[in-house]
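Residue numbers (the working numbering), protein chains in the order written: chain A, 1 to 326; chain B, 327 to 548.
Hints are supplied without guarantee of correctness; some may be wrong.
[Said to hold, decoys possible] Subject to a maximum C-alpha distance of 25 Å in a straight line, what follows is the list of computed DMTMM-like cross-link-like pairs (lysine to aspartate or glutamate):
(1) Lys481(B) - Glu177(A)
(2) Lys45(A) - Asp419(B)
(3) Lys45(A) - Glu228(A)
(4) Lys45(A) - Asp393(B)
(5) Lys481(B) - Glu228(A)
(6) Lys481(B) - Asp421(B)
Don't read these hints as lab results, they were simulated from the structure.
Every value quoted in this text rests on a predicted model; they were computed, and no experiment measured them.
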Amino acid sequence: MSERQPSGARPRGAQKPQRRASGGGRAWLRHHRAMMSDSALRLVKRPIATLLTMLAIAIALILPAGLWLALDSARLLDAELDESATLTVYFAADVGESRAMDLAAEVGEQPGVAGTRLVTAAEGLADFQQTLGVDDALAQLETNPLPASVVVTPDVTAPAAVQALSQRLQAFDGVDEVRLDLAWLDRLQQLAALGQRVALALALLFGLGVLLVVGNTIRLAVESRRQEIEVVTLIGATHAFVRRPFLYSGAWYGLGGGALSLIILALGGNWLASPVAALAESYGAHFALPSLGIGNSAFLLLFSTILGWLGAWLAVGRHLADIKPR
Amino acid sequence: MIAFEHVGKRYGGRFEALADINFRVERGEMLFLTGHSGAGKSSLLRLVMRLERPSRGRVLVAGHDLDRLHISQVPYYRRQIGVVFQDHQLLLDRDIFANVALPLTIQGVDPADAARRVRAALDKVGLLHRERALPIELSTGEQQRVGIARAVVNKPALLLADEPTGNLDPQLSADIMRLFEDFNRIGTTVLVASHDLALIARLRHRVLKLRDGRLVGDGEVA
Ligand SMILES: Nc1ncnc2c1ncn2[C@@H]1O[C@H](COP(=O)(O)OP(=O)(O)O)[C@@H](O)[C@H]1O
Ligand SMILES: [Mg+2]
Numbered sequence: 001m002s003e004r005q006p007s008g009a010r011p012r013g014a015q016k017p018q019r020r021a022s023g024g025g026r027a028w029l030r031h032h033r034a035m036m037s038d039s040a041l042r043l044v045k046r047p048i049a050t051l052l053t054m055l056a057i058a059i060a061l062i063l064p065a066g067l068w069l070a071l072d073s074a075r076l077l078d079a080e081l082d083e084s085a086t087l088t089v090y091f092a093a094d095v096g097e098s099r100a101m102d103l104a105a106e107v108g109e110q111p112g113v114a115g116t117r118l119v120t121a122a123e124g125l126a127d128f129q130q131t132l133g134v135d136d137a138l139a140q141l142e143t144n145p146l147p148a149s150v151v152v153t154p155d156v157t158a159p160a161a162v163q164a165l166s167q168r169l170q171a172f173d174g175v176d177e178v179r180l181d182l183a184w185l186d187r188l189q190q191l192a193a194l195g196q197r198v199a200l201a202l203a204l205l206f207g208l209g210v211l212l213v214v215g216n217t218i219r220l221a222v223e224s225r226r227q228e229i230e231v232v233t234l235i236g237a238t239h240a241f242v243r244r245p246f247l248y249s250g251a252w253y254g255l256g257g258g259a260l261s262l263i264i265l266a267l268g269g270n271w272l273a274s275p276v277a278a279l280a281e282s283y284g285a286h287f288a289l290p291s292l293g294i295g296n297s298a299f300l301l302l303f304s305t306i307l308g309w310l311g312a313w314l315a316v317g318r319h320l321a322d323i324k325p326r
Numbered sequence: 327m328i329a330f331e332h333v334g335k336r337y338g339g340r341f342e343a344l345a346d347i348n349f350r351v352e353r354g355e356m357l358f359l360t361g362h363s364g365a366g367k368s369s370l371l372r373l374v375m376r377l378e379r380p381s382r383g384r385v386l387v388a389g390h391d392l393d394r395l396h397i398s399q400v401p402y403y404r405r406q407i408g409v410v411f412q413d414h415q416l417l418l419d420r421d422i423f424a425n426v427a428l429p430l431t432i433q434g435v436d437p438a439d440a441a442r443r444v445r446a447a448l449d450k451v452g453l454l455h456r457e458r459a460l461p462i463e464l465s466t467g468e469q470q471r472v473g474i475a476r477a478v479v480n481k482p483a484l485l486l487a488d489e490p491t492g493n494l495d496p497q498l499s500a501d502i503m504r505l506f507e508d509f510n511r512i513g514t515t516v517l518v519a520s521h522d523l524a525l526i527a528r529l530r531h532r533v534l535k536l537r538d539g540r541l542v543g544d545g546e547v548a
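So here's chain A without its partners, still in its complex pose (with noise of 0.2 Å):
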């Protein structure tokens, strides 16, 4: 069908559009209002149908903003490094008792320590002795194996800036090692950023997802609409008058999958929280699974009505096209 775009000029006189006379506001308003519920009950009308739609779509959603959730709590750990979190600085083993109460005091006084607790290498034996009750084994040795050492409790939490620390303190004259067991936080970081690089490109694909099911749904709902699309064209219907109902059932797609999505990942983030805190705690660090909180689930149901809104665009456009009255 020769729909040619028409060269542009338009006609004079008694045709001019009626479009926006006195009143045109409201009637458009009155529309859009209209639309806006008569599209919400077409979908109430059918509970079933229109749930599995919104279930496609927040599950959609879920997969990213829950591993973005996820992945964020991680780097949240930076903050919250617990206190327990200390150094041990192991001296080499042929610094004396004397020497090492002087690298003690020493590593006291440097910036960014909040207290040290200096273990002779006879406390370090007793307490290995008591942990491991091997009295009978170390009892056979000779001499004493282990070197002093010195505890570190950092006034720093932020796990850059211990891991500085640690660095300083290896360079001092007569410290063998300094143990900091904070590399697995770091490793941790370094995958969440990674991940949520993974989590952004997911969003992406799944937010065509979220398109291509709102757009499956709607060109149904076009097709099943069809022959009243084609008498009011014929009478004189816009396009965007016969948009726009479907525009609203994309966009309430989008809000319904949206708010089931929080609903479900509030749930699951509740049926996850004891366990992640349990584990946190295993490691000297603790937090609670963070919530998205009231921004974020704005934005999440701003993001997927918008999507809805857009997949129902997209296929009206195409299907209208192909809609031509007989």
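Chain A is fixed; fit chain B with the ligands onto it per the hints.
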């Protein structure tokens, strides 16, 4: 009101549904368009409604060349034409009132004003008492009258009908034609496509006769 100047219409590049059609219709006229099935009646009406564009020649309605109508203005153009279809084309999920109100809804007419005009149109076709009925609850003849009410609710200057009596018995057909004559009497230009020759002959209006896409007759037939 309508002028066809050397109008030709091809479908799919080869088949010629209409060829070199020339005629004029004055404002306030009533006329019939007749011809065998496939002669091109619907094609001609579709050109007037700007549902198709001519392959050659010009179609002018109310002085305006439809080919130069911008695509965005086509809906506004169509609002000035009332159309009645053979298969009434009512929306089956809405009641009679909503169906007749449809053109006004599309134009954003104030609901109170629209209700008044819908009732006036339904009254004109004698169906005011059925305004809350659904289309399937009406007889074929009544459905067609609802279609006519919808076509005239906007007081169009031009009323087109494509075989409006195709599914009706002779008595109902005559009733429908009388309705068209009523609208013509108050100044509406009326163009009715029909192959009901017996009925057309009785009504004594101008007749355009198509055969295989050509205009082979223009005048009153006895
Ligand atoms: N959209 C179309 N595509 C191709 N051929 C068409 C189309 N519409 C009508 N025709 C052909 O054009 C001719 C005239 O059709 P039509 O105008 O519907 O005639 P009538 O209404 O007088 O029966 C017929 O042969 C028909 O098959
Ligand atoms: Mg026909």
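Results of checking the hints against the structure:
1. Lys481(B) - Glu177(A): Since the Cα atoms of Lys481(B) and Glu177(A) sit roughly 96 Å apart, the hinted pair is violated (cutoff 25 Å).
2. Lys45(A) - Asp419(B): holds, 14 Å
3. Lys45(A) - Glu228(A): holds, 19 Å
4. Lys45(A) - Asp393(B): Distance ~43 Å between Lys45(A) and Asp393(B) Cα, so the pair is violated.
5. Lys481(B) - Glu228(A): holds, 22 Å
6. Lys481(B) - Asp421(B): holds, 21 Å
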